[in-house]
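*Asks:* The primary structure of each chain is shown beneath.
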Amino acid sequence: MDAEAALDAAVREAGDRIRAALAIRFRDLDMAEEAFAFASLRAMETWSRDGPPRDPAAWLYTVGRRRAFDLGRRAKVRTSAVLDAPEPAPDPESILIAAFEPIPDERLRLIFVCCHPALAPEARIALTLRTLCGLSVERLARAWLTSEVAMLQRLTRAKRKIRDTRIRFEIPEPDAWGERLETVLATLEIAYAQAYEDAGGTSDAAGLAHETLRLSGLLCDLAPNEPEVLGLAALIRLTESRRPARLDERGAMIPLSEQAVALWDSRLIAEAAALLRRAAQLGRSGPYQLMATIHAVHAARRETGVTGWADIVLLYDMLLAVRPSAVAQVNRAVAVGEAQGADAGLAALAAVSDPARLAGWLPYQAALAGLRAQADLKAEAAEALRAALALRPAPAERLFLAHRLGELGA
Amino acid sequence: MQYLLIIYGDESLDDPVTLQEITAAHMRLGAELREAGAIVGGDRLKPSDTATTIRTAGGAQTLHDGPYAETREQLAGYYLIEAADLDAAIAWGRKIPGGPNYAIEVRPIWPI
Numbered sequence: 001m002d003a004e005a006a007l008d009a010a011v012r013e014a015g016d017r018i019r020a021a022l023a024i025r026f027r028d029l030d031m032a033e034e035a036f037a038f039a040s041l042r043a044m045e046t047w048s049r050d051g052p053p054r055d056p057a058a059w060l061y062t063v064g065r066r067r068a069f070d071l072g073r074r075a076k077v078r079t080s081a082v083l084d085a086p087e088p089a090p091d092p093e094s095i096l097i098a099a100f101e102p103i104p105d106e107r108l109r110l111i112f113v114c115c116h117p118a119l120a121p122e123a124r125i126a127l128t129l130r131t132l133c134g135l136s137v138e139r140l141a142r143a144w145l146t147s148e149v150a151m152l153q154r155l156t157r158a159k160r161k162i163r164d165t166r167i168r169f170e171i172p173e174p175d176a177w178g179e180r181l182e183t184v185l186a187t188l189e190i191a192y193a194q195a196y197e198d199a200g201g202t203s204d205a206a207g208l209a210h211e212t213l214r215l216s217g218l219l220c221d222l223a224p225n226e227p228e229v230l231g232l233a234a235l236i237r238l239t240e241s242r243r244p245a246r247l248d249e250r251g252a253m254i255p256l257s258e259q260a261v262a263l264w265d266s267r268l269i270a271e272a273a274a275l276l277r278r279a280a281q282l283g284r285s286g287p288y289q290l291m292a293t294i295h296a297v298h299a300a301r302r303e304t305g306v307t308g309w310a311d312i313v314l315l316y317d318m319l320l321a322v323r324p325s326a327v328a329q330v331n332r333a334v335a336v337g338e339a340q341g342a343d344a345g346l347a348a349l350a351a352v353s354d355p356a357r358l359a360g361w362l363p364y365q366a367a368l369a370g371l372r373a374q375a376d377l378k379a380e381a382a383e384a385l386r387a388a389l390a391l392r393p394a395p396a397e398r399l400f401l402a403h404r405l406g407e408l409g410a
Numbered sequence: 001m002q003y004l005l006i007i008y009g010d011e012s013l014d015d016p017v018t019l020q021e022i023t024a025a026h027m028r029l030g031a032e033l034r035e036a037g038a039i040v041g042g043d044r045l046k047p048s049d050t051a052t053t054i055r056t057a058g059g060a061q062t063l064h065d066g067p068y069a070e071t072r073e074q075l076a077g078y079y080l081i082e083a084a085d086l087d088a089a090i091a092w093g094r095k096i097p098g099g100p101n102y103a104i105e106v107r108p109i110w111p112i
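Sequences listed follow chains X and S, in order.
No gaps in the numbering here: position 353 of the first sequence is 353 in the working numbering, and each next residue is one more.
No gaps in the numbering here: position 75 of the second sequence is 75 in the working numbering, and each next residue is one more.
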C-alpha cells in the first residue's frame, strides 16, 4: 500500500478518535487540529520514504501528541518567558513504546465540549464536524451558505470561548446529563434538518446529511443505553431512506404518501428498525423515538402497501403530549384527514393554535390546500395554494405546488 | 479561575415580602459559597438611579446622571467566585436568587 492510501485509510478509520484524543488530552482544540495536520503531513513524507508503519493510527497519534507538546511548550515560552528543559527528540524506541499505548476513546467527551450549551447554537455542529470529523472550513462554509471568513470566525470565536472561559472537558455529571444530552441531540437534529431541506441532495447542504448520519451512528456506539440517541439515529435514517424518491423527473417534490416505495433505501430502513427495537427495550420513550416511529409507520408501506394513518394520528397525540409544536399539530391534522376524512382533518387543522400567525407559514398553507382539495373544495384549495406559493417555497416545493394548482384548474 | 457573576434585575420589584425572601436567599447562598471556599467577594448595589456615568468621547470626559444603559433589567449586584471551570461557575450562577425575571451573566476574570 502506498503512503497516501495508508494515510487515507488510517484517517478514515481512526481520524475521529485521534483528533478527539488530542483535543481532550491537551484541552485545546486549535492545538489538536494543528498537531493532527502536522502528523498527517509528516506521515506523507516519512511513509513515502520508509513505507507505512505497522500501526498507522498509533503512529499518527504519537507524532500528533509530540507536536502538541512542542506547541504547548512554545506557547508557554511566549506567555511566561520561562524555559522548560527541552523534550528529547523522538527516537524510534519511544515511538515504538508509544505505539503500544491504545488511543483513548474521547469522542463522546469532545462531542459534549463542542455542543456545550454556553456556545452559540449555530457554532456547535460546525465545531463538532470540524474538530471531531475533520471537515474543512471551506466545506462547512458551503454547507451553511456562508463565506469561509464568516465560518472561520464562527469557529474561532467558539474555540476561544472554550479556552478563555474554561469550559469543562468532561462528560457531564449525572444531574446535568439529561439536559446536556438534549443539547447534543438538538444540535444534530438541526444539522440534519438543514441537510434535508435540499430535496435533490445535490447541494453542499445535502452533503451534510451523510455526516450527520454518521455522527448519529457514532453517538449510538458511544451512548448505547440512551434510547433517545437511538431514536434520533433511527429518525435520521428513516428520513434519509426516502431521499432517492423525493423528486420527480422535473425536479418537483413528491409528497411522502405518493412516493414510489421501491426507491426507498431498504438498508437504512432496516437499520432504523433495529435501532428502534433496541430503544424500546430500554423502556424510556421520548420525542425522537416517537418521531422515528411515525416515520417507521410510513416506511412500512414498502412492505404492506398501505399506510397506518390511524396509528400515525395516535403517535402524533403522544408526541404532542411530550413535545408540543405547530409542525406536529399540522402534520397530525393531515394524518387525521387521511384516517378519518377531509372534514375531520380540516377541523383538526382549524384547532391548531394561533391561525393568524399560521397564515404566513408555508407548511400550514400547504396542508390546508391538501385537505381542501381532498374535501373537493377546489376554489378554497386554490386559494391556499396561491398563498403557499406567495411564501417563496424552495424550488422543488414550488414546482409541486404550482402543479397542484394547475390540476385544480381554478 | 475567578468568575464574576453579574446580577441584572428588575428594579421595579418592590414587594417587601418578596424582597425579604430574596435577601434571605442571598444570605444562604453566601454561607454556602463560604463553606465551599468559593467566595472571593460580592455585594449588592444601590439602585441604578444612584449611578453616575463618566463617558469619554474623543478624549473628552462628560458626566451623566444615570446608569451606562437605560434598560429594564439593571446591574443590581455581583459575586466574585473561584471555580474550577465555567461549568462549575454556571452551577453557582444558577443558584443566585432573584424575582420572577432576572439574568445572571457569567464572565471569567482576566488575570493581570
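Hints were generated in silico from the structure; no laboratory data involved.
Source: prediction; values computed, not measured.
Glycine included, each C-beta is placed from N, C-alpha and C at the ideal position.
Misleading hints may appear alongside valid ones.
[Stated by the list, open to error] Restraint ranges, calculated between C-beta atoms of paired labels, are given here:
{"id": "1", "chain 1": "S", "residue 1": "G41", "chain 2": "X", "residue 2": "D50", "range": "57 to 67 angstroms"}
{"id": "2", "chain 1": "S", "residue 1": "R44", "chain 2": "X", "residue 2": "L145", "range": "15 to 25 angstroms"}
{"id": "3", "chain 1": "S", "residue 1": "P111", "chain 2": "X", "residue 2": "E170", "range": "38 to 48 angstroms"}
{"id": "4", "chain 1": "S", "residue 1": "Y102", "chain 2": "X", "residue 2": "V306", "range": "31 to 41 angstroms"}
{"id": "5", "chain 1": "S", "residue 1": "A24", "chain 2": "X", "residue 2": "S325", "range": "54 to 64 angstroms"}
{"id": "6", "chain 1": "S", "residue 1": "P111", "chain 2": "X", "residue 2": "A9", "range": "28 to 38 angstroms"}
{"id": "7", "chain 1": "S", "residue 1": "A25", "chain 2": "X", "residue 2": "P174", "range": "22 to 32 angstroms"}
{"id": "8", "chain 1": "X", "residue 1": "H210", "chain 2": "S", "residue 2": "A103", "range": "37 to 47 angstroms"}
*Asks:* Which of the listed hints are not met by the structure?
*Replies:* 2, 3, 4, 5 and 6
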